[in-house]
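**Student:** Spelled out from the first residue to the last, the chains are:
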Amino acid sequence: MSEMKTKKREMKVIVFQLLDEEYGVDIHQVKSIERNQDITRVPRTPSFVKGVINLRGVVTPVIDLRSRFELPEAVHTEETRIVIVNANDLEVGMIVDAANDVIDVPDDSVEPAPEVVGGIDAEYLDGVVKLDRRLLILLNLEKVLNPDEIIELRKMKETKE
Amino acid sequence: MDMNQYLDVFVEESKEHLQAINDHMLRLENEPNEKSIVNEIFRSAHTLKGMSATMGYEDLANLTHKMENVLDAVRQDQISVTPNIIDVLFDSIDHLEAMVESIIEGGDGKRDVSHTVQTLDLIENGESVSDQVRADSGDNGIQLDEFQKSVIQESMEQGFHPYSVTIALDPNCILKAARVYMVFEVIEQVGEVIHSTPSVNELEEEKFDLDFTVTLLSKLQSDELIARIKKVSEVNKVVARPLNIETINEGKVEAAATVEEQSNISTNTETKDNEKGTSSKQTVNNKTIRVNIQRLDQLMNLFEELVIDRGRLETIASELKHPGLVDTVEHMTRLSSDLQDTLLTMRMVPIDQVFNRFPRMIRSLAKDLGKKVNLIVLGGETELDRTVIDEIGDPLVHLLRNSVDHGIELPEKREANQKVCEGKITLAAYHSGNHVYIEIEDDGGGIDREKILQKAVDNKIVDASTAADMDDHDVYQLLFASGFSTAEIVSDISGRGVGLDVVKSKIESLGGKITVTSILGQGSKFSIQLPLTMSILSVMLVTAGEETYALPLSNIVESVILTKEEIMKAHQQQVIDFRGKVVPLVSLQNVLHIPGERLADEYVSVVVVKKGDKMAALKVDSFIGQQEIVLKPLGDYLSNVFAISGATILGNGQVALILDCNDLIR
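Here the protein sequences line up with chains A and B, keeping their order.
Here the working numbering is used: the first sequence runs in plain steps of one and ends on residue 163.
Here the working numbering is used: the second sequence runs in plain steps of one and ends on residue 1187.
Quick caveat, the hints were computed from the structure, so don't treat them as lab data.
Just so it is clear, the structure is predicted and the values come from calculations on it, not from any experiment.
Some hints here could point you the wrong way.
Calculated from the model, a selection of chain A residues having no Cβ within reach of chain B, i.e. all distances over 12 angstroms [to be verified]:
id, residue
1, 38
2, 39
3, 74
4, 111
Derived pair list, reagent style BS3-like, types lysine-lysine, alpha-carbon separation capped at 27 angstroms [as the list claims (entries may be wrong)]:
id, chain 1, residue 1, chain 2, residue 2
5, B, 1153, A, 145
6, B, 1025, B, 1046
7, B, 1025, B, 1135
8, A, 33, B, 1135
9, B, 981, B, 945
10, B, 1153, B, 1025
Even for Gly, the Cβ is constructed at its ideal location relative to N, Cα and C.
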């Protein structure tokens, strides 16, 4: 306990790769990290929804984080991971290029995100962290996983059709 | 001390006790003189008081305390049960329920109950109500003091019987005081007057209506006593009731030592039950434990994992052909299907849980509306999956309200139509095959076909020309259309124009169906069909392109294989001729945007599905077969996906989606 007081407040962050950037989410929001597995497609959902997987008996939706942010989709490799996160009481898997690091981020090193980082709109971000030579982008999962957006997207699509 | 750990137990038990009080109150209303029921109520109230005081919910404890006082007075024959008292007690129960509800929601269980407490106090002290007691029923509200009680006790030992005698004078009697004097004369010849209500002074001054009650001691039997008093002229009616000395005693003991109340009461009830041989049974001790439903779900999930592994083992065993392994796997298969049955029955609960709040509801509803309704509940022991039980309450409430409000007519109207003035609603549940049926039947006015059609046309649900051609069944289904209400007066009970459509969609979301039948002037019947369990479904697995889908068997009419020539076109839509009916052909691959080539085979596999009386033929690539599957939700993230009602995990660990035929048929 005494150690906590002398140290600065910090949070543990799971780091994963997307395109050439490094992103982070609070470790409390991450339930597990899974290898890529068979995904059952769910018809007539937005293109970033890849489908559902069997996560130890629980049917869990999976989204491709790249296409969620309108980045070009990648071919899945050995490195590809599904990060199972929990936000807004929703459990969702996010496909990322790789996930291999857990780091401590001091609270005071988080800076507000500039308008657009790595092609991602600032509203989905909690901030950026500069660590030595690395730049870490913190995601706001509540926004990223907002189900209302799916409904809106579906409506847009329906009106287009 | 931290009470939070006990909160769950407190809430569960309070609910049970409140339900017990409720049930017994309803019985008491029918048999107001049955002391064993009062004792049951008293016991529940007492336990509730103790629990809430321990948990620190003072309002709750106070109110139950007041109720207890009133009940105690009833037990001791100090006051008798009148509709007024019943109403006040029901009122108190409503408050108690609201408090417990507030505690469940994390509140402090506080509530302003001063009015009810005041009324209870009044009743307890015999004020205002005791007048009413005499006026209402001519019953006796006897209050004996300690001295009188001890006199009774002593004289009983000398062979005297205590009686409470109610005497009614002829309405034409002119000199009432004189008659009273003569009656007292007669009594004093055979016994001793201990107490009278109203008091002797009031009687002498003729300050009473027509009847008065005397508590007396006599060696005579009640018949003889009555005969003697009746000899006095202008006496219309004499009722002699032996006083129960036990109840008198009990009051004394309790006043002296309230600490021993609990044990005292229980022994008392027991002896009384034995003596009177009443029907009230002690609750049988079914050794049970409470298990959180989440744990059962967890258990089910684990079991499903096991089933998946069993599937793998079966494949491996059949490949290796090792006799020992094959035997073991077969044994395991049998065990796991037994396990599945046990797990499923663990989730089943009797529908009584939902039904038991209805008698109260109907009672107060009927009172509010000035109607007389007798609710008959049948089949409360019928068991349903817990998930269904949790959801079915609201629709049933709605339908019952509907029956009372729109179905049962006012007493005058019923009499005018030569019906019994009390309406009858039957709520019945029963098993049949793989379904549970719940029926709500009333003997009210029935559904007026013309009125519905008029309303439907007015509200632009159908147009006048189609309305004329509709058969009764279709007309009744209009009731479930949104924006519909036929009650002439909009009441706050039902008839806000929303409702039955919500009921219908709720029942459909549970995988059930609702139908109505009715005879004008004789009543109507709403019948709900529900699946036994929500979590296990019989499906047919089909493939389309590379993907596997599950179709609920309940939707399937038939699976057929057609040649290409049998597919026709009408209005740019592919159709087939299915037993003389033209049925649209829907390609799963197209409608679900399934990637892959559309093969043009000589033969086409088709599953004919139905929704109500509409049908559609679904074009698939192949049939895999029939299977029992476990229904899993897709999760909130993917709610309302088109044509998908859920998912399941197949033996190979893959997820297959369950098709919702309602979306596919248009």
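**Student:** Could you work out which earlier hints the structure fails to respect and list their numbers in ascending sequence?
**Tutor:** 2, 8 and 9
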